[in-house]
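These protein sequence lines are chains A and B, in that order. Sequential numbering from 19 applies to the first sequence in the numbering used here. Sequential numbering from 2 applies to the second sequence in the numbering used here.
No wet-lab data here; the hints were simulated from the structure. Computed from a predicted structure; not experimentally measured. Glycine included, C-beta positions come from ideal geometry on N, C-alpha and C. A few of these clues could be false.
Claimed, not checked - Taking lysine to aspartate or glutamate and the EDC-like style, the derived pairs with C-alpha atoms no more than 20 angstroms apart in a straight line are:
| no. | chain 1 | residue 1 | chain 2 | residue 2 |
| --- | --- | --- | --- | --- |
| 1 | B | Lys248 | A | Glu76 |
| 2 | B | Lys248 | A | Asp65 |
| 3 | B | Lys248 | B | Asp221 |
What the hints assert, rightly or not - Some residues of chain A that are not near chain B, with every Cβ distance over 12 angstroms (derived):
| no. | residue |
| --- | --- |
| 4 | Thr20 |
| 5 | Pro21 |
| 6 | Ala150 |
| 7 | His175 |
| 8 | Leu176 |
| 9 | Arg208 |
| 10 | Ala294 |
Stated by the list, open to error - Distance windows between CB atoms, simulated:
| no. | chain 1 | residue 1 | chain 2 | residue 2 | range |
| --- | --- | --- | --- | --- | --- |
| 11 | B | Thr285 | A | Ser147 | 51 to 59 angstroms |
| 12 | B | Arg21 | A | Ser211 | 14 to 22 angstroms |
| 13 | B | Asn259 | A | Leu224 | 25 to 33 angstroms |
| 14 | B | Thr10 | A | Leu317 | 46 to 54 angstroms |
| 15 | A | Leu224 | B | Gly163 | 32 to 40 angstroms |
| 16 | B | Ala140 | A | Ala169 | 50 to 58 angstroms |
| 17 | A | Pro251 | B | Leu118 | 51 to 59 angstroms |
| 18 | B | Leu167 | A | His73 | 44 to 52 angstroms |
| 19 | B | Gly161 | A | Ala150 | 55 to 63 angstroms |
| 20 | B | Leu118 | A | Leu130 | 33 to 41 angstroms |
| 21 | B | Pro240 | A | Asn85 | 14 to 22 angstroms |
| 22 | A | Leu264 | B | Gly161 | 25 to 33 angstroms |
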Amino acid sequence: MTPSTILRRHALAALARERTIALVAALFAALVLVSAYLGWSATSTVDAIYASATHWFEANGKPVPSNPVTQGSPLALLRNLTIYISLIGAFSAIVIGYRMVETDRRAGVLPLIGARPLERLDYARGKVSALALAVGGLAALAGVVGAATLAILPSVHLGPGDWARLAAFFSLGWLYMMTFGLIAIGASARARSETVGLMVPTVVWLVLTFVWPALTGNILPTAAINPISALAPAPQSTIFDLSAMLLGPFSLAEAYKYLGAELMGYLPDGLPPRGAVPPLVVMMLFAAGSGLYALRGCLKLDMTKGGPDA
Amino acid sequence: MPDLSAIPTIALKDARIALRDRFLLAATLALVAAALISLITGTVAMRTDVATYMAAKQQLLALGKSLGSIAAPEFYPLKLMRGTIEQIEIMGAVIALIAGYRAAVEERGRQTLALILTRPLSNWQFLAAKLLGGAGLMATALAFVFALCAVVLALGSGIGIGANDLLRLAITWGASTLYLSAIFAVGFGLSLWLKSPASGLLYAFALWLLVVLVAPQIGDTMDPDNQVAGGVFAQLSIPKAEQTRIKQGFATYETIRNGIEVSSVTKHYERFTFAVLGIKDIYTGKALGPIWADKKGDAWFLILFTLGLGGLVLLRPIRADRLTKET
Numbered sequence: 019m020t021p022s023t024i025l026r027r028h029a030l031a032a033l034a035r036e037r038t039i040a041l042v043a044a045l046f047a048a049l050v051l052v053s054a055y056l057g058w059s060a061t062s063t064v065d066a067i068y069a070s071a072t073h074w075f076e077a078n079g080k081p082v083p084s085n086p087v088t089q090g091s092p093l094a095l096l097r098n099l100t101i102y103i104s105l106i107g108a109f110s111a112i113v114i115g116y117r118m119v120e121t122d123r124r125a126g127v128l129p130l131i132g133a134r135p136l137e138r139l140d141y142a143r144g145k146v147s148a149l150a151l152a153v154g155g156l157a158a159l160a161g162v163v164g165a166a167t168l169a170i171l172p173s174v175h176l177g178p179g180d181w182a183r184l185a186a187f188f189s190l191g192w193l194y195m196m197t198f199g200l201i202a203i204g205a206s207a208r209a210r211s212e213t214v215g216l217m218v219p220t221v222v223w224l225v226l227t228f229v230w231p232a233l234t235g236n237i238l239p240t241a242a243i244n245p246i247s248a249l250a251p252a253p254q255s256t257i258f259d260l261s262a263m264l265l266g267p268f269s270l271a272e273a274y275k276y277l278g279a280e281l282m283g284y285l286p287d288g289l290p291p292r293g294a295v296p297p298l299v300v301m302m303l304f305a306a307g308s309g310l311y312a313l314r315g316c317l318k319l320d321m322t323k324g325g326p327d328a
Numbered sequence: 002m003p004d005l006s007a008i009p010t011i012a013l014k015d016a017r018i019a020l021r022d023r024f025l026l027a028a029t030l031a032l033v034a035a036a037l038i039s040l041i042t043g044t045v046a047m048r049t050d051v052a053t054y055m056a057a058k059q060q061l062l063a064l065g066k067s068l069g070s071i072a073a074p075e076f077y078p079l080k081l082m083r084g085t086i087e088q089i090e091i092m093g094a095v096i097a098l099i100a101g102y103r104a105a106v107e108e109r110g111r112q113t114l115a116l117i118l119t120r121p122l123s124n125w126q127f128l129a130a131k132l133l134g135g136a137g138l139m140a141t142a143l144a145f146v147f148a149l150c151a152v153v154l155a156l157g158s159g160i161g162i163g164a165n166d167l168l169r170l171a172i173t174w175g176a177s178t179l180y181l182s183a184i185f186a187v188g189f190g191l192s193l194w195l196k197s198p199a200s201g202l203l204y205a206f207a208l209w210l211l212v213v214l215v216a217p218q219i220g221d222t223m224d225p226d227n228q229v230a231g232g233v234f235a236q237l238s239i240p241k242a243e244q245t246r247i248k249q250g251f252a253t254y255e256t257i258r259n260g261i262e263v264s265s266v267t268k269h270y271e272r273f274t275f276a277v278l279g280i281k282d283i284y285t286g287k288a289l290g291p292i293w294a295d296k297k298g299d300a301w302f303l304i305l306f307t308l309g310l311g312g313l314v315l316l317r318p319i320r321a322d323r324l325t326k327e328t
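Extracted from the complex, chain B is given alone in its bound form:
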């Protein structure tokens, strides 16, 4: 039975270093800033919609007309998290890549990697400790982000949030931790394996571009409704039933488009969290049970992708000629 006590020791050492050199603070602040900017601008936009509705309502009442001509909008505070989720997808992923790079370079740069490997410690134990440390770092930074978002939502939306909303935020936090841990593993693995850690970071950025931005971008722009300002169906004023009929004629195109989108882990993360938070209209106000039944595929993809990447990093042996910063 191998001695596993070294794993938490190394993971905690990473946590202590992250706290000491303020990387955790900087990463958290960057993520908080990006997330809050999106949340606050979303809140401002929602309040503008509320004000527009109230003005229209007052005008109709003043004219003695019925309110039936304008639909009363329903406001769901969690829908305001859309920008925050997108910031986690993009900026959060960059922070995770840098954290992964940093976890590799702090051992290579200080020559401690060679020293650690002279100890009675397996490669996989060392790698598992670094991955766990990274996942802990991501979980901590995201916990601050989501806690702050909950406070802003409760105070800023004017509607308040309940226990069910908090549960949904907690599930989203878990999914976000998994997503960023996977990206952390990419940054860590490449920075450890390549000849120079900076080259690892560069390749990680190129991968980030492809996985986080380009694949979803291709799927997004292939959507015919995104090709015309305001949407093609809206511009042509086609009723919903007819839209559905027309869309059935483009099933193959839609399958290809969807296939490109789901090749990216980012899209699975987005689809799952958008459903849990009710950002996507068809899931707004729905209970978590039916959402899980619908979106468990995305959740499993996220879990297996993260575990798979972690496994890949664990299985690949550390090369002796990559122990220092530069070779």
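Isolated chain A (complex conformation):
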């Protein structure tokens, strides 16, 4: 067994014992179920509104427009998942990444690991691979609940292409959550206090989710919590054109929501991404950058400090 495998197993075992992690994971699972219900409930309501409106159109001799809910993909039922992954999923990944290093430090394990003939790179590999598995578990959980919901609903019929898109959506969600988990590993490895280790990734996440989109043209912060409003086009203005061009490539949350909407089939027709850089490239660059940050943090980690007073 390689040193990084041992460290990965140890990190996952420690995570499994943590009540906080269990709580956050349970919250995430519950919200995935809520998302499925919301999608179904809201779609049924719009469908019923349409049926009611049809009578009025017919009675007034007007042409009946097509039903807005049948125009999109059935996967759009799960559109709220994009939001929950960007909120509670990203926060869960931050908590997992933060606890990954902090648990070792507080339990006094770090000096013991530092005394062993291990490379710091092994430590980094062990922690990052444990994070990838733990976050993968969250994404898989969301995937199973989402797929089961779509399979159970009688009015929803998915083809092989739809299932592939659903799998791609959860892979994208995994990448998004991983980015924040990696920032949390890097921050808690570098931080002087346990609070700073939690605060740094949380502030980065808050800024990217609620402040940055306001600068690129999605001017209302609460638009970030609605899957449809999050895709509102920027007001027609030279200033917003310029800010989207300059800041759009750094708008990770918008890139994720854009790609998520494209995969789940609820992206408004003709809506361009923010900035000239393709959203997938934005996400890959952020993931690579946060991976390097986590690696640097682990390589420079002070292995001499540990225990409750560290």
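Once you've looked at the hints, dock chain B against the given chain A.
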């Protein structure tokens, strides 16, 4: 009669520390930055609307047509505060949580809590002082935010603001102070009660997610008009009277949706401030009297929620095994 002089002493000590270590400055700057970004982007969007209207007007006049075909828009500067209020709801709440955490950890971390409790001082007096200090901190930071917003509104909207607008901003400042003080109490209480203050902060963040984001999000996305880009009624081009008739058929659904929304204090804060500032169209240009009559329920919820949370923190005794940073 208990000696209450210790309460202002401790509250002022907290204020002095916040000034000395620049936390007040950092918190205020963060809130100002978030609020101004929203206010300025809102102003840019409004000016774009004005320019679009003026261009359409010029075009119609050039063609010799009547201006009756385009409705002259009415611009209310306070409506531009919508993004700022939303930033206070979200980012302001995070700053309040951190301030609450900080107020607890500065006593636990420096072991001063144990020292203070050896003095002839009741637990509730100490806790009341910390809560008052936190409320003062929130009020000060928000006063800067609203003063700056008033200046930007006066200069940037191109319309100017009057005494009535300033009164509405002052009421909103009061409501915002109450809202952030309640969130401060959550951060402070959890960081004081839990085994490790960092765990307290973590649980506070999880609560923030549920109360500030998830509950309003569920209510918001259950709104059928938010399920289709541009709104379902607008997309189907259904006239207003017919919309009202159709909506009556979904009264139960709407009751459930509204019930989920109002379970969050954030929504009460939002509804009250949106009404006072005229952000919600039905309250635009309305006098404060009828607005109060309509929205006093939200205001009372906000007041009682804040007092209730403060009371909860005051009533819970400080545990002797939680006096240090880590146990």
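Here's how the hints hold up against the structure:
no.: 1; hint: Lys248(B) x Glu76(A); in the structure: 19 angstroms, holds
no.: 2; hint: Lys248(B) x Asp65(A); in the structure: 13 angstroms, holds
no.: 3; hint: Lys248(B) x Asp221(B); in the structure: 16 angstroms, holds
no.: 4; hint: Thr20; in the structure: 32 angstroms, holds
no.: 5; hint: Pro21; in the structure: 28 angstroms, holds
no.: 6; hint: Ala150; in the structure: 22 angstroms, holds
no.: 7; hint: His175; in the structure: 20 angstroms, holds
no.: 8; hint: Leu176; in the structure: 20 angstroms, holds
no.: 9; hint: Arg208; in the structure: 16 angstroms, holds
no.: 10; hint: Ala294; in the structure: 21 angstroms, holds
no.: 11; hint: Thr285(B) x Ser147(A): 51 to 59 angstroms; in the structure: 56 angstroms, holds
no.: 12; hint: Arg21(B) x Ser211(A): 14 to 22 angstroms; in the structure: 19 angstroms, holds
no.: 13; hint: Asn259(B) x Leu224(A): 25 to 33 angstroms; in the structure: 28 angstroms, holds
no.: 14; hint: Thr10(B) x Leu317(A): 46 to 54 angstroms; in the structure: 48 angstroms, holds
no.: 15; hint: Leu224(A) x Gly163(B): 32 to 40 angstroms; in the structure: 35 angstroms, holds
no.: 16; hint: Ala140(B) x Ala169(A): 50 to 58 angstroms; in the structure: 53 angstroms, holds
no.: 17; hint: Pro251(A) x Leu118(B): 51 to 59 angstroms; in the structure: 58 angstroms, holds
no.: 18; hint: Leu167(B) x His73(A): 44 to 52 angstroms; in the structure: 50 angstroms, holds
no.: 19; hint: Gly161(B) x Ala150(A): 55 to 63 angstroms; in the structure: 56 angstroms, holds
no.: 20; hint: Leu118(B) x Leu130(A): 33 to 41 angstroms; in the structure: 36 angstroms, holds
no.: 21; hint: Pro240(B) x Asn85(A): 14 to 22 angstroms; in the structure: 19 angstroms, holds
no.: 22; hint: Leu264(A) x Gly161(B): 25 to 33 angstroms; in the structure: 32 angstroms, holds
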